[in-house]
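Respectively, the protein sequence lines represent chains Y, W, X, H and P.
Per the numbering used here, the first sequence runs over residues 1 to 105.
Per the numbering used here, the second sequence runs over residues 1 to 476.
Per the numbering used here, the third sequence runs over residues 1 to 659.
Per the numbering used here, the fourth sequence runs over residues 1 to 166.
Per the numbering used here, the fifth sequence runs over residues 1 to 529.
To be clear, the hints were calculated from the coordinates, so they are not data collected in a lab.
Heads up, some of the hints might be wrong.
Stated by the list, open to error - Computed cross-link-like contacts, SDA-like style, restricted to lysine to any residue with a CA-CA straight-line distance of at most 25 Å:
no. : chain 1 : residue 1 : chain 2 : residue 2
1   : P       : Lys487    : P       : Val468
2   : X       : Lys633    : W       : Phe363
3   : P       : Lys156    : X       : Lys375
4   : Y       : Lys94     : H       : Gly16
5   : X       : Lys388    : X       : His477
6   : W       : Lys37     : H       : Ala162
7   : X       : Lys375    : X       : Pro480
8   : W       : Lys439    : P       : Glu23
9   : P       : Lys156    : P       : Asp291
10  : H       : Lys163    : Y       : Ile86
11  : X       : Lys633    : W       : Gly19
12  : P       : Lys156    : W       : Tyr427
13  : W       : Lys37     : W       : Gly19
14  : Y       : Lys92     : H       : Ile28
15  : Y       : Lys94     : H       : Thr25
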Amino acid sequence: MEIFYPITPAHYLVLSAVLFGIGVAGVLSRKNLFVALMSLELMLNAVNLSFVTFSRVNGDVTGHVVVLFVVAIAAAEACVGLAIVIALYRLKEKVDLDLFKSLQG
Amino acid sequence: MDTFPIELTALLPLWIVVGGALALLLLEALLGEEGRKASPVLAGTILVLALGCVFHLLSLKGMPGSLFQGAVVVDLYSLTLEGICLLSALLTCVFSASYLRRERAVTGEYYALILLAVSGMFTLALASDFLTFFVGLELMSLAAYVLAGYLRVQERSTEAALKYFMLGVFASGFLLYGIALLYGASGVLHFPDLRHFLEQGRYSSPLVEAGAALLLVGLGFKVALVPFHGWAPDVYDGAPAPVAALLSTGVKTAAFGAFTRLFAEAFGLPGNWVPAFAVLAVLTMTLGNLGALGQESVKRMLAYSSVAQAGYLMVGLSAASLAPADDLERAVAFYLLAYTLMTAGAFGWIAWAAGKGETGTGFEDYRGLGLKCPWMAFMMALFMFSLAGMTPTAGFFGKYYLFKLALDHGLLGLVLVAVLNSFVSAYYYLRVVVFLYMKPVEGKETAGLPAPLDLRVAFLLCGLGVLAAGFLKFPF
Amino acid sequence: MGIETFQYKSLIQFDWIWLILAAPLAGAVVNGALTLVAARRKTPLPQGPYAAIACGAAILSFIAAWFTFQHFKTLPDGSVLTQELFNWIEAGPFQTSMNFELDALSMSMVVFITFVSSLIHLYSVGYMKDDPGFGRYFTYLNLFLFSMLVLVMGQNLLVLFLGWEGVGFCSYLLIGFWFEDVAKANAGKKAIVVNRIGDGGFLAGLLLLYALAGTFNFNELQLGKHSFSELSATVICLCFFFGAAGKSAQIPLYVWLPDAMAGPTPVSALIHAATMVTAGVYLVARLNFLFVLAPWASMTVAVLGALTALFAATLALAQNDIKKVLAYSTISQLGFMFLGAGVSAYGAGLFHLITHGFFKACLFLAAGSIIHVLKGEQDIRKMGGLLKHIPLTSISFFLGWASITGILPFCGGFFSKDEILWRALATPNPMVPFLPEALYFTALAAAFLTAFYMTRLFVTVFFGEYRGDREIYEHLHDSPKIMTVPMLLLGLGSLASGWLSVPEVIGGGNSLGRFVDPVFHLSTLEPTNLPHNLEPLLMLFAFLVASLGVGLAWYIYGLKHRVWPVLLKLIPGGKKAVEKQYYVDEIYDVLVVRMVKGFAHWVSDRLVEQLLINRMVEAVTRGLAGAAQLLRKAQVGLVRFYLAYVVAGAALLIYLILH
Amino acid sequence: MLEAILFYILAAVLLGMGLLVITRTNPIASALGLVAAFAALAALYALLSASLVAIIQVLVYAGGIMVLMIFVIMLLNLHPDDLKPMKAQGLTVVSALMGALVVLGPVIWVLSPAGSQPPAALTAGFGDIFAVGDKMFTGYLFPFEMLSLVLLTAIVGALVLAKRKL
Amino acid sequence: MILSILIGLPVLGAVLAAFFPQERAAKTIPLLASATTFIFSLLLYTRFDPANAGFQFQEIYPLVPRFSINYSLGVDGLSLWLILLTTFLTPLVVLGSFGAVTQNARGYYACLLFLEASVIGTLAATDLFLFYLFWELMLIPAFFLIGVWGGPHRVKATIKFVLFTMAGSLLMLVALIYVTHEVRSFDYTKVFDYSFPQDVQFWCFLAFALAFLIKVPLFPFHAWLPDAYTEAPAGGTVMLSAVLVKLGAYGLLRFCIPFFPYAARAFSHWIMLLAVAGVVHGALMATLQTDFKRLTAYSSLSHMGLITLGIFTFSLPGLQGGVVQMIGHGVYMAGIFLLIGMLYQRRGSHQMDAYGGAAQAAPLLAAAMLWMLLSAAGLPGFAGFVGEILILTSAYKTWAFPALVAIAGFVLSAWYLFNFYGKVFLGTPKANPDNTKTNRKTNPKKDEEIFLLPDLSLSEGLALLPLVLAALWIGLNPNFFMDPIEKSLDLKVIEKLKPQPVMMDFAAQQRRLQDEMESNRQPRKKNNN
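All chains, please: the whole structure from these sequences, using the hints.
Spelled out as structure tokens, the structure:
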């Protein structure tokens, strides 16, 4: 039972790691560009959870600052990512990742 | 100068570039068509100005060191990196000017994005803490993603942007995770603090090691180390050639510069890095070279070659935890300079020679060009010799310093692999020269476009730089 | 003993030796330059100047040699005239100078060579008249004379080698003089290649000798000859003999000489009869102090010499080309000389060398004259009855014939051959007891055959009916004086040369033998096998044998008895074998040429070059290309795969760092 | 105890919604799942005394980014047929999970002992806007300034990539 | 300053030739530049002091001060003749190429002069780094010379040539970095005075030797040679065979043996065996060829094996023989390849079958060729003999077996060389294949023109004459070449090779190692007693 209780920072960290894994799995397995983008967001948020946890462990709010920065950057990335999606959609009328493999070899 | 705050003067190149980017955007918005025409000139001027500023700062005796409460550090190394990035951007601007005119895609935003990317590179070069480092990386990368997809009506360009973006963000996730772990272990983000923390003996904490490993994944992606390189050939190949020049030189210089600083200064202690670095180096060199070996397109060959070249840098970096930081940074900075001159030159040459829509990037397309445009072809030959590491070009000196660094610290096996790779690479580099000079023209007329004056000047400077860089006095 | 040897020789500086050499060299240079200039301008120069320069040079050389000889005779026995010209190769302990010396051996050779070659130069003026290569011819001839003189006058083995290779090369040039004819050009090539094979032995001898003695100088070698063990001396001598066999056309390297008849006939007379081919004998005689240390090597020389004498004589029996008969006869006679040298009768060998030089040159010149008047016809079956049409040539030929067969006592080869026969029988051989007898009878058989085939030749050519082209027959007249006079002089010379060294046992002076004795006397084995007074008896016996040969040939050919073909038919295939020269060329082609080429083809080319080197290079390039293609497959172009690589890489790194 | 219950509930929601995101065929469903996941995450932040971060998480992510994303999805108006083939194949999923595990295994192994020591004592105002702001505008002023450029780049980039005419 | 001028003049000439606007000047400028260089280089001979074994005409300027890399030049007995050979041959090659090179002549001459400059630089460099710079620099003009102006398979040949050479050079670079790090100096003399531990010698020797032996080339590293020689243009082949491959032998003498004497002694038997294998292999391959340029290429391989054999006898006569053979081989190979180029220019073929009876049409050409072939065949009195006899006698003293086997090369050389001469120059004249059969219809010519093979032109004759004279001069007066270098060879190679006292017991060796550690890797003076 010691593994489950009491709640230590390790629990948060493991949770964050698992969430990161889900994000990775999503990016790797999905061909839908939107879902892939969302999985990327999941990954970033998993890292954020780690930062907040470590902040709490170290008693230092630097981790929070990082999280705020990451949120802003994630927004910017999402913005560019969506723009790319639109550009792609204009070319092929599809958002299937596997369709874009003209560059290879 | 004394009356200005040091933060203003020491970072003047950065401010100039940022200001320039804003000015370009305003110009585009306010003036429209005329602004567009003026934008390359303005961008060039700004870059030259910044470059002059960098030179001036380099010539100053004392270095301000750490600024903004340790967020950035201005020293000879970072200034040198800034200079190299500016050089890369400047060359890109020159290459772009005629290229974009030919593709009918001139906009002010393009140049603004270049300047924004440069400011990202600067941030990266100056960064002395992980947060600045990450922001700089993202700033540079975002601009780079967009530039790669700039010709969005072409499928290749947009696809390049997509791949670059997807993998970039994915790798950023890993990088960030690594930072998180390091932060968790040490509670600090500043490089010197981390070093201090590590020196206290908690060095081999698994958290630190795991963090460093994940950091390495992220950085490895940015500088296209195998096996994180998947994007690189496709992106360099798909992106417009001048952009490829910037991506493969400026972006890589900044990333490698920061990479080196991180591992030379923050992690610069004997540790488990050597085998990891060595494995990465061997994989990168070998697979990069083998990839380039099988190509029929010069542009794509160059893309692979830039992967392989990163491998040589890794040979030097493998000595990161053994060699003094100064030596390492010097060797890396010199190699980056040489690499920038020759790779940017080569991509720029492709931008010139490939013709509208980049239809002619194959080896076959350059048959007999050496006889038609002897001097332009000679420049390409020079870049190829330099990339192959033949004397007395900068490429040779760069490799020499890196290999020497590794060898002086006992990495004989690694250097032997590097040398072997260098040998293999000579084949495909020389193949370009073979097609330029030694294959008769068959059938269709090849390209043989007139080269505008600005291009000629740029190539001449590149060529002279390639020839002379090894003999010049290096700033530090 | 070594010091004694050295004291025995007294070296005397003589500053005019160079003139003997310089005259032909200058002639060659001047004529060569003129020829090249003419070739460049495409307008031939008149022949007079060429002839004057070349003959003048040869005669000048003879005069210089003659005066040197006169000076030499005034000196005490064992004197050596030397002249040091310049240092040639000096590298640390390796010291060689371009020095020349004349002792009794080389002195006699020089006088003989310059005399014979002067005459042949003169003869050539007539023989080569109207040939477009006139200037070239005389350039080569002078160059040859120069090289031959360097060969015999060199003070050390390297200078000798310079002349040795020089004469070989001149022989190449002259055999292939009419190079438009592929066969003739190939004959030249064959000569130089076979000579080179012998030279390989020569070179090996040089290396061994130098490694042991540290010098090439004959005087120093003689001084230090006791540093050689019997084994090393034997090996060295065999090496040098191999070289000598190449140059002097002995078994197993005689095959080039019959082909060498492709050259102009005066060349055959000078080079391939009188002078160059005797260089091997000279070499063995020159190295007598080594051969005496190596009895087995000497024995080999004698045995091979005797065998060659007999073997070549049988080959001469069935030749129909007048020059080929003479060529085989030359080989046979050279065998006699080697037999003499091999039983340490160096003086006798030298004597035979000189007499042979005279009579064989005479025979060749006469043959040349016949060919000249018959407009190039060489087949004796198309000659006959020439005696009355070309009397002067016939006389010359007769004199030569008389000398070689030894039928005319006291003339030419009579004494020299008998001396060799006598020494072969009389010199004891402690190793193989019956050898002297075997050598003697072999040589005697060769002498018999010599008499037989020479008579056959003589009779077929000069007697009977003319069987050739009628048109030529109408206009038959003897050669011009410039040809006949030297020819006759040589004929007389061959008569007179016999008197150079009449054996003491029949009251002669043996003057040549005495003259050269200081050179050889330490190396000579006394003929103690038989009492001396038996010599005249043997002489008589030999004369009878020769007469038998002459008589038999006369009976068969002169009197038209067709016995010979019947005889040959008794031995199945015998005639064919002789006509095909025992298939030696074919055997060599299979054994040497094909084997070397086969080795080159299979081992060097196929195995090493193609299989090992090229295949390896190919394998590397193929491997790299294959890997490159494999890698291209991995670059699938799909984002997901690249992401997977990243994940794999991350795993790799984590394991590497955390391990 | 309450913290534990809350943690497990939130963790279950978070992971469940995360799985929902990566398994749904329809991107709208995924997006809604993501919003829910973010909400759970915000609550977890609050549990970790990160009040400002929790608020920003809800405001910016759930409110800003996700709305943007859904807008784009709607804008492109994908036909349901287009979505069908875009579902992952089983093999890919398995390999993806394996890959994720290969990386995560060691990380988790490292994390568990590292995080098991008790957290530092809470100071007053930890994680509130003052503490965070103080840190942000002193030690991290420079990256903050640069962050503005990141956003500018994103705007320009979106403009360049998405505008109709080049 | 002499040496810098010797390097600078050809570079200047190359740049002028390349940039000069008038095509006509493309011939005169390079000729002038190379001739001036040659005349200037004579100063080296006249002012050379044979009694001084050290470097003369020294110049030292810092090049990359941070790494104490200097631009330092100097000449001693080892390099004197090779520099003079280079400067002597280049104007002749330029002259000999007047008729042969018509396309892009300016580039051709620029490459040629550039090659000359880099060769002189390689020979004169006394700084190891500078040496390597020049060493690799040579590849670039050679690459172009073969690749642009070469025969039909030139691309394969030039790539092969460059890659093979590079493979060796790169390994040498590694060893060079190691060695200079150990000594902490790039200065030749410093490295020369240092004595390396045996295991270091072992590996570094292999790395250095590989680079040089590929260049020489030693059997079996010669795969590049036949192709490169055959495909290069005449001038390029001359530079390759006469100058470039000599640098391999030079490198052995200059670096490999003096730096790593222990290893050199240890490997000498193996290298001698390979050298002699090369002698025989080259000769045998030459007998098989139908392409006479290839034939000559293989004969060159055979002769270079002899030079290597001479060097590894480690005796003064052997070394001097090696050097004389290098000069001689340079001269007669230059002659032969120039002549082959002239034949090719006249008939466009390297096949022996395409020729025949050429001596009739072109007697001067034939005479010159015969003269050079005699030198190649090692006729006494000509250039080839002196080296051959010196090498063979010293090799025999060192180790009899290879010397005796090498005689086969001597014997076979007559076979293939005279076969070549016979097939091309003797026999019945053959028609020019260009003018027969199919070409006859489109290109009607008179009968006599079919056999046309013009004799030497004035410029060709002028180019050959010095070579003809030199071939004889070397053969008759080799002391002229051997005397000035004797001291250098003796002190720089032989002395170094004398075995140093061997420490037998382990304790002493350990002590020595400790001393080494303590002395902090300072260069140690050589222990000679």
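Inset, instruction - Provide an ascending list of the numbers of those earlier hints which the structure does not satisfy. - result: Per hint list: 1, 3, 4 and 11 violated.
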